[in-house]
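For the sequence shown, the positions run 1 to 130 when my numbering is used.
Everything labelled a hint here was simulated from the structure, so no lab data went into it.
Quick caveat: nothing in here was measured; it's all calculated off a predicted structure.
Glycine included, every Cβ here is placed at the ideal spot set by N, Cα and C.
Accuracy of the hints is not assured; some may be wrong.
As the list claims (entries may be wrong) - DEER-style ranges, computed between Cβ atoms: (1) 101 / 51: 34 to 44 angstroms; (2) 17 / 52: 12 to 22 angstroms; (3) 37 / 121: 12 to 22 angstroms; (4) 51 / 106: 14 to 24 angstroms; (5) 54 / 128: 22 to 32 angstroms; (6) 118 / 9: 22 to 32 angstroms; (7) 23 / 112: 15 to 25 angstroms; (8) 112 / 29: 31 to 41 angstroms; (9) 118 / 91: 21 to 31 angstroms.
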Amino acid sequence: MTFAGALLLGALSVAWAAPLALHRIAGGRHDALAGVICWLVTLTGVVTTFTIGSVLLLLPGHRHEGPLGELGHDCWTLFGHHVSHRLQALIGAAGVAALIIVLVRFASVSMTSLRSRRRDYGAHADLMSI
Numbered sequence: 001m002t003f004a005g006a007l008l009l010g011a012l013s014v015a016w017a018a019p020l021a022l023h024r025i026a027g028g029r030h031d032a033l034a035g036v037i038c039w040l041v042t043l044t045g046v047v048t049t050f051t052i053g054s055v056l057l058l059l060p061g062h063r064h065e066g067p068l069g070e071l072g073h074d075c076w077t078l079f080g081h082h083v084s085h086r087l088q089a090l091i092g093a094a095g096v097a098a099l100i101i102v103l104v105r106f107a108s109v110s111m112t113s114l115r116s117r118r119r120d121y122g123a124h125a126d127l128m129s130i
């Protein structure tokens, strides 16, 4: 319980504090790709840490200490046993669709940025050759 709470607290504190530092990286004189990579790594770490903490806290069979652990276990059990399979399939499909949309958007922005950098490099190379 303590380990799961520490994971959740750490994920929440990084999710709260990271945007300030990441805005400086993305908005500064650094490469845009470095900013995007920092954002993605931070996002992945926060989501993974929060998921692991939640799973450790709420899964049946994990040792629950205190009233908060019991409440979380009861809520997880209630949700798991009383949700129809159709709703679970719809939620899963919505999650996959959201992931695909994010990946397509990321690829689109990456390709646009790459084309812009190539165009700028060509313009700078032409200017240097004069």
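_Violations among the numbered hints, reported as their numbers in ascending order_ = Result: hints 1, 5, 6, 8, 9 break, sorted rising.
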